[in-house]
Amino acid sequence: MKLPIYLDYSATTPVDPRVAEKMIPYLCEHFGNPASRSHSFGWVADAAVEEAREQVADLVGADPKEIVWTSGATESNNLAIKGAANFYAGTKGKHIITVKTEHKAVLDTVRELERQGFEATYLDVQENGLLDIEVFKAAIRPDTVLASVMFVNNEVGVIQPIAELGEICREKGVIFHVDAAQATGKVDIDLSKLKVDLMSFCAHKTYGPKGIGALYVRRKPRIRLEAQMHGGGHERGFRSGTLPTHQIVGMGECFRLAKEEMAEENKRVGALRDRLLKGLQDMEETFVNGDLEHRVAHNLNISFAYVEGESMIMAIKDLAVSSGSACTSASLEPSYVLRALGRNDELAHSSIRFSIGRFTTQEEIDYAINLLKAKVGKLRELSPLWEMFKDGIDLSTVQWAAH
Amino acid sequence: MFRPAYLDHNATTPLDPAVLTAMLPWLESQFGNASSRHEFGRAARRAVDEARQQIAAAVNAHPTEIVFTSGGSEANNLFLKGAAASLKPGLIAVGATEHPCVLKPAVQLAGQGWQVRQLAVDGAGRLDLADYAEALLVKPKLISVMTANNETGVVQDVAALASAAKAAGGWFHTDAVQVLGKLPIDFRVLNASGVHAMTLSAHKAGGPKGAAALVLDKRVELQPLIAGGGHERGLRSGTENVPAIVGFGIAAELAAQRVAELSLRLRAMQVKLESGLVTLGARIFATEASRLANTSYFAFPDIDGETLVGKLDREGFAVASGAACSSANPEPSHVLRAMGVAPEIARGAVRVSLGAGNTETEINQFINALQLTVGRLQGLTAIAV
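If you read the protein sequences in the order shown, they are chains P and R.
The first sequence begins at 1 in our numbering and counts up by one.
The second sequence begins at 404 in our numbering and counts up by one.
Bound conformation, chain R alone (with noise of 0.2 Å):
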């Protein structure tokens, strides 16, 4: 059967195959509601614990640090949300180029009386360090600004944002879904910066959808999002999701075993895939800024991203235009927008995003077909012009 190449590892992650075998025994022999006092529970209760024990070494945070939720969306949910609720409101700061599962619970916020400020990047998606400066003097109770980026692979320096934020006494959070296995993490390095809470996602790092974790210093005082039942240290109820947990734990811990090897090789290939876009005359986004070595962020002078992408999945590569959890919303990228893009070059977006699995022979595939596809496309608008 004729497969096509995956290079949209941002959206999602093929499932590694350790973690799949490690994930069955918990759906069908094992499966105890961690919850109950029997054999059966106490079982799902031990490997529930051990997997939090995996992630916490692979982040190196503490296993009691870990709180674990149905998916990222849902942990930048509960820290906004939870914390925001613990305290009186005030001013809530959040990057321009954020997840929308961390700029829609601040819009929620500022229906409660919070005030909302969008903090400004450059034009390489970097947060603008002097509209930082100025939002911390208002000292913001809250601030979430994510280690990486989905769509331009943009990595903040969030140990020295947080840092510059210890005197504002805010509690800060990242969104380090990204990150998990493209970049080491160092929750107690962070957490010494001033960094308070962190989220993680499993599928986004080789593990399975359905599982996630915010990763929170014990000070941050949170409102749980579900209630009933006090699972979680009373911070997120509802029986665990044993199976995913589980792939969770070895997805996190093979990430980390891996992730200076991969990285190299995901670099080696982005500078092969990026030399190639250059010379098809693409513009490659953000590349004045450090970035992920999986991610390019691309466009075409007069190429429609959405039209591009369509047109390469029937020649056999996945990509995306925009980022997927908002693919649905035609409307132009909003962190090129926050980058100053002009609208008309941020229509012909397209994202490639590497993962293990890729090899250097689908780059150089992927470069032909896009010299094909972009020629193609790039003479019908010489002709309507």
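Chain P with its partners taken away, still in its complex shape (with noise of 0.2 Å):
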């Protein structure tokens, strides 16, 4: 077994050996740029592009002609936030709603709007990170222009009710988006069926390359966005620029193993993610954060209290895992998201994202329920406020003195 043993898939997946190896001709013979017309090179790079955004769409349900590459995820939430809001600010209104868990590429860009003159609701979610269906309804306004909820979580792996709220958005006339980029291959996705007017993706953390993206932009009834990037008009002048051939290719090809190979996947996965829980559940003063039934099955976010959270991940360096979302680890807030389902800041500190994946073995597993258990052990015996705990006071009622 090779330590430190990558338990961190949300974060980033490799990208699958079966996708690199068709990425890998267009890096080199079949260099082209998709956008010349002139040449077979050229051809044959278009051709690639064109079959890749068929695998895209077939994942989710999506017509081919519904997909705009993008460089990634958050360039997908960017255009259809910013676009979206701007294109039908003048003839909806210039309220918009959105989640106080979502990723920071939603709530940055909500925000960066808010300076532009639009009002935001940023809406709580449940103790389980979910959000309350009454809630979001009581929260559209008739200026509400667009809404926009995260289908799986990136640090919880719960899974909002978008069917339900795409049924409300439609019915009232509001635009919404769907940040899809943590649910591909995860849960099964149907444009087709659910009403949904945009939706960000990213192949990065569905075993493809880093970035590419797209963004789903529904013809029926059509959306139209403004352009966030302008140049040669490539994407229907929805987004300019070079396509990157190779990255797109893999895209698809990780979308395609996604759809063959999703339900199996979740199965084994699943069972990992519950022997892995089975493990850490017995040991006193662990719990778990964010809806269990409604979640993804590769995700486990566990708060360990009393535990210091940086010398718990000292502790576990063999562990490549998360505290907090990936894209915020630099900054030692406690963690947004757990904050916002009612988790204080000790708890949130002190919470581990395991993220479950394609490679991930059971011998690793183990390894890690072993090492959780022995390092948090050792790190309560060192802790003056365990054993407080341990002596029956509770720390809550404690006055605590500054020197």
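Derived from the structure by calculation, the hints contain no laboratory data.
Every value quoted in this text rests on a predicted model; they were computed, and no experiment measured them.
For glycine and all other residues, C-beta sits at the position ideal for the given N, C-alpha and C.
Treat each hint with caution, since some may be false.
Some chain R residues near chain P, calculated using beta-carbon distances under 7 Å [to be verified]:
{"hint": "1", "residue": "417"}
{"hint": "2", "residue": "421"}
{"hint": "3", "residue": "434"}
{"hint": "4", "residue": "436"}
{"hint": "5", "residue": "507"}
{"hint": "6", "residue": "511"}
{"hint": "7", "residue": "514"}
{"hint": "8", "residue": "515"}
{"hint": "9", "residue": "539"}
{"hint": "10", "residue": "540"}
{"hint": "11", "residue": "613"}
{"hint": "12", "residue": "629"}
{"hint": "13", "residue": "631"}
{"hint": "14", "residue": "710"}
{"hint": "15", "residue": "721"}
Residues from chain P that keep clear of chain R, each with C-beta distances beyond 12 Å, as calculated [what the hints assert, rightly or not]:
{"hint": "16", "residue": "64"}
{"hint": "17", "residue": "208"}
{"hint": "18", "residue": "262"}
{"hint": "19", "residue": "278"}
{"hint": "20", "residue": "308"}
{"hint": "21", "residue": "343"}
{"hint": "22", "residue": "394"}
{"hint": "23", "residue": "398"}
{"hint": "24", "residue": "400"}
With the hints in hand, could you dock these two chains into one complex?
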């Protein structure tokens, strides 16, 4: 077994060797610019781009014409939210609804629109991380232009009720955007049934390459966007810039594999997750964050009370895991997602996100369980807080003196 | 298998084998997210930092001046819209022969209260200095003039242009995507002359598609185009494309190492090619200007460019008519129009852009094929008349 063990598949995944194999010819002999119309180098690249577009559309029940290539989910989220908000502000209004547990790519984008004169409502979630449909409904105003709700949360893995939310949005005439970066290959997505207008995807969370994503833009009823990147008019004017053929081919292939193998993989990965949960559950004062039922199979997020987060990360170096989401872990702020679930700062700091994937083995899970039990036990032995807790002192009533 | 000769390097270049070798580990075994704090993430971060240093060294910039983007179009959009968003609207001056990813963002800004002035060029594609001086009197807040044109290969003296603009006090940007690997680039010298930002792209210089950079003087305040997470000093959010960035780093390093030798070799092939073209009766554009050693842009009287490149493709030569990025657009080239070339001549435009892999033999074969093809097409035209 190789250490460290990678249990951070929600941050990024390795490119599946089968995907890499498909990509390499488009780095080597088929290097043409897909926009070159005058020779076979261009045509070959363009054909590969269009095949990948079909593969991506196929996984999510969309028409290939509804898929716009971007550089990743962050760009897709920016294009969807700014593009639709700006295009429809004049006709629909300037109010946006989103959720406190969204990815920064959504939250920062909405904040930027607020600075430009939009109004935003950031909805709370329930303790289990799920959005209350009634709360969502109540937030809609006559001037609500757009709502953005993620399909699967990156930190706690909960699956939001996208179908129901879509129905409400359609009925109220609100444009509905869904960040599905964490959802592809994890949950069934059928855009022929879901009433979603815009959906963001990326490849690198689904065993494809970094640097490539897509935005689904519904055609019936047609959604229009203000482009964010202007130039040669690629992607029917939605997004200019030379298409990175090899990355697009990789995204197509990894989505094709996801469709083919998703059911089996979720079973296998889910069993490993349950094994991990079972192994950790009998430890005292550990808390699972987020609903366990409405949750993707590969995620487990646990708070280990009375353990200081940073010492924990140092102690379990053999495990490549996240404390808080990868994109924000440069800061030492407690995870805003866990705070939104009602966890206090201490529990938020002492949380670990385990995300299991295609190449995780049972041996690795067992190693992780043993390591965690040993290290958490040891850290707690050193902790005065743990000692006080064991002595039956309610720490919330303690008056701390400043020195 | 028959393999056509690739003579379209200004559209995109084949990946250098050394670049591929450097990239591959970052796809499969070393796949971490550069923002992750564990070993997989830290290794990815180190790789991104090393590439940043390689690119900075290749163009004599400081690593902290490199902002990675997904491509040259994004970098140009980021500079123009990002700088504009930090300023009160005023005049933006862009070269008339700029790439659409500079011209179109300028048009967008026009909708936001900016005045847009296209800087005129002369018949050889060089910026018209009288028109430029006049524009400077209005004190443009943003100026963007490309270092080398993708269609004609015309090289502007951006150091001199930026220097002249210093007194006007605006930010000066240059799109240099066609320059990396073809001419030496020294951002420190340019910066001292008054160039504040420069766009580079990996795939025009033996690197992969999907990685590019805005080289940015830190005094320039920019609003990001893509928000969310605060990557690249807050100027460009989104998970770093580690393999492509690593490839860009190596490609830039190789480009800088090879530029002197390569440009001599390209120039020799260009001379050979163009003497052949002249013999066949072609009109070559912008010959009076200083041009890239790899680019020849020409037309034959009464021969449609689209038709000619189609025939040449069947003969085994991949060339372009007009710029690749707007090849879907049947309008005659805006570059030639700006140079005052008559539309009926512009419609004949064909671009040959050479690269490291091309040989003198290919040039000879190309001239022979061209002679036959042009002969046949002119025969047809004569009959039609």
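Outcome of the hint check:
Restraint check, residue 417 (chain R) versus chain P: the minimum CB separation of about 5 Å is within 7 Å; hint holds. Hint status for residue 421 (chain R) relative to chain P: violated, with the closest Cβ pair at about 13 Å, above 7 Å. The restraint placing residue 434 (chain R) at the interface with chain P holds, with a minimum CB-CB distance near 4 Å, inside the 7 Å limit. For residue 436 (chain R), the interface hint holds, the least distance from its beta-carbon to any beta-carbon of chain P being 4 Å, beneath 7 Å.
The beta carbon of residue 507 (chain R) is positioned within 7 Å of a beta carbon in chain P (closest approach about 4 Å), and the interface hint is therefore held. About 6 Å separates the beta-carbon of residue 511 (chain R) from the nearest beta-carbon of chain P, less than 7 Å, and the hint is met. For residue 514 (chain R), the suggested interface contact is broken, since its CB lies about 10 Å from the closest CB of chain P, more than 7 Å. The beta carbon of residue 515 (chain R) comes no nearer than 11 Å to any beta carbon in chain P, farther than 7 Å, and the hint placing it at the interface is violated.
For residue 539 (chain R), the suggested interface contact is broken, since its CB lies about 26 Å from the closest CB of chain P, more than 7 Å. Using the Cβ-Cβ criterion of 7 Å, the hint placing residue 540 (chain R) at the interface with chain P is not satisfied: the shortest such distance is roughly 28 Å. Hint status for residue 613 (chain R) relative to chain P: holds, with the closest Cβ pair at about 3 Å, below 7 Å. Using the Cβ-Cβ criterion of 7 Å, the hint placing residue 629 (chain R) at the interface with chain P is satisfied: the shortest such distance is roughly 5 Å.
Annotation: residue 631 (chain R) was flagged as interfacial toward chain P, and the flag holds, the nearest CB pair being 3 Å apart, inside 7 Å. Interface restraint check for residue 710 (chain R): the shortest CB-CB distance to chain P comes to about 10 Å, outside 7 Å, so the restraint is violated. Checking residue 721 (chain R) against chain P: minimum C-beta separation of about 4 Å stays under 7 Å; hint holds. Every Cβ of chain R is farther than 12 Å from the Cβ of residue 64 (chain P); the closest lies at roughly 18 Å, confirming the non-interface assignment.
In this structure residue 208 (chain P) is not separated from chain R by more than 12 Å, as the shortest Cβ-Cβ distance comes to only about 10 Å. The Cβ of residue 262 (chain P) sits about 20 Å from the closest Cβ of chain R, beyond the 12 Å cut-off, so the non-interface label holds. With a cut of 12 Å on Cβ distances, residue 278 (chain P) stays outside the contact zone with chain R, its closest approach being about 24 Å. At roughly 16 Å, the least C-beta separation between residue 308 (chain P) and chain R is larger than 12 Å, which holds for a residue marked as non-interface.
With a minimum CB-CB distance of about 20 Å to chain R, residue 343 (chain P) clears the 12 Å threshold, and the non-interface call stands. For residue 394 (chain P), the shortest C-beta to C-beta distance to chain R comes to about 33 Å, beyond the 12 Å cut-off, and the non-interface label holds. Distance to chain R confirms residue 398 (chain P) as a non-interface residue, since its nearest Cβ pair spans about 31 Å, more than 12 Å. Against the 12 Å criterion, residue 400 (chain P) stays outside the reach of chain R, whose nearest CB is about 29 Å from its own CB.
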